[in-house]
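Chains as they are written, first to last, in the working numbering: chain A, 1 to 141; chain B, 1 to 326.
Source of the hints: derived by calculation from the structure; they are not laboratory data. Just so you know, even glycine gets a beta-carbon here, dropped at the ideal spot from N, CA and C. A few of these clues could be false.
To be verified - Per the computed footprint, the stretches of chain B lying under chain A, defined by three or more beta-carbons under 8 angstroms from a beta-carbon of chain A, are:
id	segment
1	73–80
2	84–92
3	237–249
Claimed, not checked - Part of the chain A face toward chain B, derived, beta carbon under 8 angstroms:
id	residue
4	Tyr61
5	Phe65
6	Pro66
7	Leu68
8	Pro71
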Amino acid sequence: MLDLRHQVQKLVQAVGPLRCDLQLPSSWQDGFGQAGQLPSRYHERRRHPRHRFQVCAALEYRQTFPSLHRPSGWHQVFADGLSRGGLSFLHGEQLFPRERMRILLPGQELKCIEIVWSGRVQQRCFRVGARFVEQLHKFGQ
Amino acid sequence: MSVGGREKCFGSGREGYLPVALDTLCPVPVLDFDLYVPAENIDGVVLYRERNYPLDRDDLQRLSQHGMETLYIPADSQNAYRRYLFDEVVKNTDAPPLQRYKVLTTATRSAFTAAFRSISPDHMVQFADEFSTHMTEIICGGEISVFDLISLMQHDRYTYTHSVNVCTCSVALANVLWDDPKADLRGIASGAVLHDLGKRRIPRFLLNKRGVLNNGEREALRQHPRVGFEELCMRADVAWGSLMTVYQHHERIDGRGYPARLTGNETHEWARICAVADVFDALRSERPYRKASRLQDVAQYLEARAGREFDREVVQCWTSAIKCRN
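Okay, chain A solo, but in the shape it has when bound:
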């Protein structure tokens, strides 16, 4: 867990205070930092192989949809898997398909992502799938 604390400190240094509403599943408490290739499920259509990539990351909220109020700010999330085309992460709040946000992963540049799916894991914990995109929606910049 020392590594996790170090990662969060680095993120806070980079982006400022992080809000964290996430309740991490118990299976994650001990296994943080695992690596290796992740299998695909039967209905998934993947262009690139997906690797386990359990790190702490910072997610930036901005206005995403006209009818949804998303106050700007940074949130702490936990990346779960990573591929060339996108990533999955755990977050304390439900996100919606087509929302565009920015994410900062340790040792990488700030990236724009578009949410593809979001499913509840447990209370205050959603697994989110996102793909990398070029830019945010124009009113979100």
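Fit chain B to the given chain A structure using the hints.
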């Protein structure tokens, strides 16, 4: 048989004429289209009332007494007839609410079908907006019971009929549940009309498949809430509650729904209302793989799942309303 009016025979069949139900008509000082009745003995029509002449209450009564359930208008008067229906019946607060409901739900079928088939969702949003305005006005007028509405509902396999029924049930349910004149019933109605928008992208053979769906087919079908949501989410003219109705109407209280497996109150209230209305109408309608259920069986089905799959308060409110005849 004579039902009055100036008669003129057009005995060469009914080609070029459209049938209109007598109970969609109401008195009007000036008709904007010619009105025909079926000819006796031959497969033709007879001019009953020429355009620019009045149609009064006695005329309608006389037609009804003669058992005329269906009249005819020239096919090229379709737009004039639709205008008449909206201006003289749907918007007419003096017309009986059940007649207004029936006219609204029959006169908008072709507009819905065209909008649903259109590639852009613009037409569907516009349709939902207009339809919701009339629907909430009629249901919230106070002189129409849930039992009456249910008895008027048609059941078939068309998306239009299902969307209209789900909209009717959602508005009626929310009206009883909230008992708040300021409640956004138009929003809930609009969400209900749009709730299956994503099915436009689902192959028809899957929607109508008789047998058991395999995993891949089930997964494809389960994409429709997400697909519908994605089509609408960037629009400023669709309320968040309506969007959530589209996205969350298959979520269940116990977390076994989709797409996000939300539990309890994590699902938007409008979506919890729509979920009950959706299942209610689905069970009341015949499907390729099963027969329609009786009203009391549907009520039992919902009650058995209240608090587990569906919001308990919503189910209790709805089952009480459908059992009440007044």
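Which hint numbers doesn't this structure obey?
Failing hints, ascending: 1, 2, 4 and 8.
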